[in-house]
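**Student:** Residue numbers (my numbering), protein chains in the order written: chain A, 62 to 781; chain B, 913 to 1122; chain C, 116 to 336.
Do not take every clue at face value.
Simulated pairs of lysine to aspartate or glutamate, DMTMM-like, Cα-Cα distance not exceeding 25 Å [said to hold, decoys possible]:
hint : chain 1 : residue 1 : chain 2 : residue 2
1    : A       : K719      : C       : E333
2    : B       : K956      : A       : D338
3    : A       : K652      : C       : E230
4    : B       : K956      : A       : E528
5    : A       : K619      : A       : E682
6    : A       : K719      : C       : E304
7    : A       : K592      : C       : E333
8    : A       : K424      : A       : E467
9    : C       : K262      : A       : E682
10   : A       : K652      : C       : E235
11   : A       : K652      : A       : E670
12   : A       : K424      : C       : E290
13   : A       : K592      : C       : E235
14   : C       : K262      : A       : D422
15   : B       : K956      : A       : E341
16   : B       : K1088     : A       : D279
17   : C       : K262      : A       : D195
18   : B       : K1088     : A       : E193
19   : B       : K1088     : A       : D195
Calculated from the structure, these hints are not laboratory results.
Below are the chains, spelled out letter by letter.
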Amino acid sequence: MSVQNGINGWAGTVLRVNLTTGSVTREDTLPKYKPYIGGMGIGYKVIWDEVPLDTEPFSEEAKVVFSVGPLTGSGVPCSGRTTITLLSNWSRGKSIVDAHMGGHIAHSIKYAGYDAIIIEGKASKPVYLKIEDDKVSLEDASHVWGTGTFNTNKVLSAECGAEFDVASIGPAGENLVSMSCMITSFGNSGGAGVGGALGAKNLKAIAIRGTGAVKIADPVEHKNLCDYMIRDLVGGNNNHNVPSRPQSWAEYTSTVKNRWQGGPGVMWGAAPDGAIDTGEQPSGQIAVAAYRATKGVFDYGDVVQQYIVKSGGCASCPVRCYSEYNVDILAEYDLPTLVSNTCVPAGSGPTSFYLKDAMHDFKDEGDSKIVLGLHGAYVMDDLGLWENYNNLGREFAWCLKNGVFEKMLPKEEFDSIPWHLMEEGDPRWLDDIMGRIARKEGEISRIGEGSYFFYKAWGLDDASKNEWGVNMYDMIGGNNNVTYNGYPKHHSSEDGWQSGLLYNVMYNRDCMVHVLTNFVRSGSPFNEVIKPVLESYFGEGCVDAPKAYTPINENKVKLAKWCFLQKQWQDSATLCDWMYPMTLSSSPARKYVGDIDLDAKYMTAVTGEEWTMDDILFSAERISNMLRGITAISFKIHENMDNLRKTHDAVPAWVFDKDPDVPAFSEGTDKMDREDWEKSLTMFYEAMGWNVDTGIPTRETLEKFDLGDMADKLEELGLI
Amino acid sequence: MSEEKRGFATKEVTRRQFLKISGVSLTGLVLSTPLLTLMGCTQKQVDDGSVTTWAFPQGLLVVNKDKCTGCQRCEINCTLVNDGCVSSYISRVKVTRNLFSGRNDTGLYSDNHFVYFPDTCRQCAEPACGSACPQGAIYADDSGVKKVDPEKCIGCGACVSACPWHMPTVNPVTNKSSKCVQCGACVAGCPSGALSIISWEEVAAASQAV
Amino acid sequence: MALLGRRKPGFTTTEAVDPRTLSDAVNEDNIVTPCPAAEQAAGQPPVEEPLPANMAQALAQFVRNHSRGGYLVSLAQLSREDPNVPTLYEQMTSDPACGDIRSYKTAKDTYLYEEGIMSELYLMLNALALDGDDVNTIVTLVRYNSKVFPTVTPLDYFFRTPFSMTQEQVDAAVETILATGGELADIAETQAPSGNRYLYSTDHLTPVYAKSLAEFAEAND
Chain A
62 MSVQNGINGW AGTVLRVNLT TGSVTREDTL PKYKPYIGGM GIGYKVIWDE VPLDTEPFSE
122 EAKVVFSVGP LTGSGVPCSG RTTITLLSNW SRGKSIVDAH MGGHIAHSIK YAGYDAIIIE
182 GKASKPVYLK IEDDKVSLED ASHVWGTGTF NTNKVLSAEC GAEFDVASIG PAGENLVSMS
242 CMITSFGNSG GAGVGGALGA KNLKAIAIRG TGAVKIADPV EHKNLCDYMI RDLVGGNNNH
302 NVPSRPQSWA EYTSTVKNRW QGGPGVMWGA APDGAIDTGE QPSGQIAVAA YRATKGVFDY
362 GDVVQQYIVK SGGCASCPVR CYSEYNVDIL AEYDLPTLVS NTCVPAGSGP TSFYLKDAMH
422 DFKDEGDSKI VLGLHGAYVM DDLGLWENYN NLGREFAWCL KNGVFEKMLP KEEFDSIPWH
482 LMEEGDPRWL DDIMGRIARK EGEISRIGEG SYFFYKAWGL DDASKNEWGV NMYDMIGGNN
542 NVTYNGYPKH HSSEDGWQSG LLYNVMYNRD CMVHVLTNFV RSGSPFNEVI KPVLESYFGE
602 GCVDAPKAYT PINENKVKLA KWCFLQKQWQ DSATLCDWMY PMTLSSSPAR KYVGDIDLDA
662 KYMTAVTGEE WTMDDILFSA ERISNMLRGI TAISFKIHEN MDNLRKTHDA VPAWVFDKDP
722 DVPAFSEGTD KMDREDWEKS LTMFYEAMGW NVDTGIPTRE TLEKFDLGDM ADKLEELGLI
Chain B
913 MSEEKRGFAT KEVTRRQFLK ISGVSLTGLV LSTPLLTLMG CTQKQVDDGS VTTWAFPQGL
973 LVVNKDKCTG CQRCEINCTL VNDGCVSSYI SRVKVTRNLF SGRNDTGLYS DNHFVYFPDT
1033 CRQCAEPACG SACPQGAIYA DDSGVKKVDP EKCIGCGACV SACPWHMPTV NPVTNKSSKC
1093 VQCGACVAGC PSGALSIISW EEVAAASQAV
Chain C
116 MALLGRRKPG FTTTEAVDPR TLSDAVNEDN IVTPCPAAEQ AAGQPPVEEP LPANMAQALA
176 QFVRNHSRGG YLVSLAQLSR EDPNVPTLYE QMTSDPACGD IRSYKTAKDT YLYEEGIMSE
236 LYLMLNALAL DGDDVNTIVT LVRYNSKVFP TVTPLDYFFR TPFSMTQEQV DAAVETILAT
296 GGELADIAET QAPSGNRYLY STDHLTPVYA KSLAEFAEAN D
């Protein structure tokens, strides 16, 4: 019998599991967590209240919070997301981070009756957490400990029952590797060190089934809103609203490589009973939405179509941003042929482990990325490794190219590594090298500590400390570090001028904000669509044309703040960070105007309370200030730093020094200008109500959001 | 080729032929190109069992396994429309049961990771659910759709046990059986056309095409 | 009647069913549904489409059928096949019943289409493809993209429908364009870091800007 407490939207219960004592307790989600909404908000509140910020992130004393929100499982398109909140073991300051896991398990958590599951303590031996509605138990996991995530998920699913969903850590998490994740469905993951945080607690997996329901206050209106979103607003992946292939109804086609690659003649070539043509997918039709992304073609080009079985993705989502493949070539190497993933993990991540010249075509021109990339995705997922938005890969690639391993590894270790597999472009290279990282085998596995500690260990963060004279943070080319904290940019100034860079530096990991890149790279024309629509929201000058930037202004700052708050909202709601908000739409009839009030309409229909976007963004701003306050405290505790502006938010040189022949703010570059950047930071801090010298929230701002206790702590530490 | 095997290649569409396409046994039936186009599939997909069809009042329900992408929106739409809440367990169309560890080693956690699809009510001519119901709560409406009368249902679960595919579910909140009423919400909301309905007029027209 | 051996002892309100134990086996006789709607449709007489009143209207219907499939009708081509077509076309343009039929004129031909089915862009792309002048197709689109978006145009754009050019066709056309100068002197080439080739119009984009846009067009993360 499921937990039913008659609340609209929220499940109503926060579950707390103590692995040390085995105790299972429950508390009501509301009213306590209402100001934090759900998801990220609950996670941050729990960590703030209950985990001292000097706690070792991979320890018995640390906590890991799995949480979802009022919209999760409500039927809202693209709401199948679970937020996981923890302390970072690997980025400078060891501060708070959140990971975001897709697949289907978010629904199971809600249907079982929970808004959050707090993991505390440490089990004395490997266990998995089994939840079936109100039945919660810790089960023996010794039979899967040491095995990969795919085996674990398969065994536990068979053991628990067909309708259980499962998420597990792999050897990387068990071995407390910082660059680790948790895997669910087939290739969906939550990273940022989640694997290690759970491995340190001997928690191998969670298996969960729910027979309950998410209660909706106004189901008729809510169904209308869901249909409206899919029918009239949504485009392809990243809500790219214009198809790449000419379609008879489409007024524009994209010449920028965008994430709407489906079209006439683009095939799911490996569909079991005959290739399926993705055809036309007009705006205004629901039954075609799942064909738009056909993401494999974005990741690999047309040559991949023969391997695409179908598209896949998260619960409730019509976009299907994963491609699911059968790469039969891998059978020649006795490797699994069924693989699924998307974006960096599927392509540029794993292929970074080869020298470019070592990669050769297998059957068709250009297919090395497919064979090596997809096998690499499989290996990384099975090991439960995380690549830090490919900082891991970029670092490995740089070391490989510059003969760094030969210098830094003990000779015996260097000689033991089968480099010939890499040189031959053999997919089995990835099993070896990634296995070493996941099992902490040898000095080479230090790369699994994450950029910040890895550079430190090998002296790569200081040109005077290594024989290559390099500072990995500042170098131009092959480097995406957006701060000195150990994580790369994720759609920063290269897509979104100063606005993009501003929110990129705010987190303790690569940021999850896709709001800007979604319309910038949509394929819509800048002059006819992007500029007029965005200026109608935020005023003149809020957006720049690609590679033709202008100095900072108030409206760009307004836009930056809005994008920043949206991510906190989305990960609290929960909604997919890759899709929302509906800034643009795919509808020619709407002149491509989206609906940026839609999220509030969902909240109103689901909860039965009147919600506006202002209400939502106010809560999001509260959570944003928690992120900032916690970060300030962490930097003080771990690094003895008092000033976030000068440390946490410092931007590496390459962002300003790239394209040396082209001046900033002229056509042909996306580089930033140092003076303009300082001005941008100041304006952003002002907009957020933060001290402009330190970038730390003022007491006045914190108290506005009922975070007076955080102000007290900051004052105690001399930070405000 | 026998008269039955020619199926829609003939101009005359007999009642028996219509009844035949109402079941699973499309295999071996040669379907006309217009009908295959309407169904959005190939003869191979029909012959290999990837495509199954069921008779709904609105038209022919076509379930195409190869097109299901596991989004679970069929369950979402079913319960949103029929129950005013969202759930997998009480959904009358069931995909989650096949999505993780389905039968015959299918589903994301099996070795056939990408084989998953929705199970739909078969609207049996002589429904086991109806026969098993001690209250006679399952009746056929004017269109022939088998429904549960909530006034009569006592939530005993006999229909669940009796159905060979366990399609009905007793709703733990209302304590009533929920079974498919062919409302078509699952079809209307499927973003990949894995579930689609072809109206009977279109089926007839395609069948009559020379 | 047979319950197919599935009856379980006793009744339960909720039952943990393992769907993996279900069978796909079907007893066909029990499955057949006497669906009234299906029977009714089966009993209807064949649907007859109304015949056009005259040949000019038949031409209009011909155009509509093609438009709905995403195709334009070439007046020149059709006139070659049927010498009556030019006369029918004149009649059609003055018949109010054919008011939804429009024409799209290029230097080479007139194309007919039904209003409201295809986008303006698709009409342009289709007409270019049908004109069959690869050089003009590429030049027109390169200039259009450079001006409207602004963006550079990848050469593989022309492999896509409705152009479906081959690599050889594209290479030959591009070589001609770049060598011609004169009226085509504004068309220039740039490359992305990947080596992929892009074209742009210097009437709208500088070489430095075009190069950066080629990089932008491919950036992956």
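**Student:** Hints first: check each against the structure and report whether it holds.
**Tutor:** Hints versus structure:
With a C-alpha separation of about 18 Å, the suggested pairing of K719 (chain A) with E333 (chain C) holds against the 25 Å cut-off. Proposed proximity of K956 (chain B) and D338 (chain A) is supported: the alpha carbons are some 15 Å apart, at most 25 Å. For the proposed pair K652 (chain A) and E230 (chain C), the alpha carbon gap of about 19 Å is at most 25 Å, so the pair holds. For the hint linking K956 (chain B) to E528 (chain A), the alpha-carbon distance of about 63 Å lies beyond 25 Å, and the restraint is violated.
Of the supplied pair hints, the one linking K619 (chain A) and E682 (chain A) holds, its CA atoms being roughly 13 Å apart against a limit of 25 Å. Restraint check: the Cα-Cα separation between K719 (chain A) and E304 (chain C) comes to about 23 Å, which is no more than 25 Å; the hinted pair holds. Between K592 (chain A) and E333 (chain C) the alpha-carbon distance is near 21 Å, which keeps this suggested pair within the 25 Å criterion. At roughly 33 Å between alpha-carbon atoms, K424 (chain A) and E467 (chain A) are farther apart than 25 Å, so this suggested pair is violated.
Among the hinted pairs, K262 (chain C) with E682 (chain A) is inconsistent with the structure: their alpha-carbon atoms are about 40 Å apart, more than 25 Å. The suggested pairing of K652 (chain A) with E235 (chain C) holds, with an alpha-carbon distance near 14 Å, which does not exceed 25 Å. A threshold of 25 Å between alpha carbons decides the hint, and for K652 (chain A) with E670 (chain A) the separation of about 31 Å lies outside it, so the pair is violated. The hinted pair formed by K424 (chain A) and E290 (chain C) fails the criterion: a straight-line CA distance of about 30 Å is larger than 25 Å.
Pair hint K592 (chain A) plus E235 (chain C) holds up; C-alpha atoms about 21 Å apart against a cutoff of 25 Å. Among the hinted pairs, K262 (chain C) with D422 (chain A) is inconsistent with the structure: their alpha-carbon atoms are about 38 Å apart, more than 25 Å. Only pairs whose Cα atoms come within 25 Å are accepted, and K956 (chain B) paired with E341 (chain A) is accepted, the gap being roughly 23 Å. Restraint check for K1088 (chain B) and D279 (chain A): the C-alpha separation of about 22 Å stays at or below 25 Å, so the hint holds.
With a C-alpha separation of about 61 Å, the suggested pair K262 (chain C) and D195 (chain A) falls outside the 25 Å cut-off, and the hint is violated. Pair hint K1088 (chain B) plus E193 (chain A) holds up; C-alpha atoms about 22 Å apart against a cutoff of 25 Å. The suggested pairing of K1088 (chain B) with D195 (chain A) holds, with an alpha-carbon distance near 21 Å, which does not exceed 25 Å.
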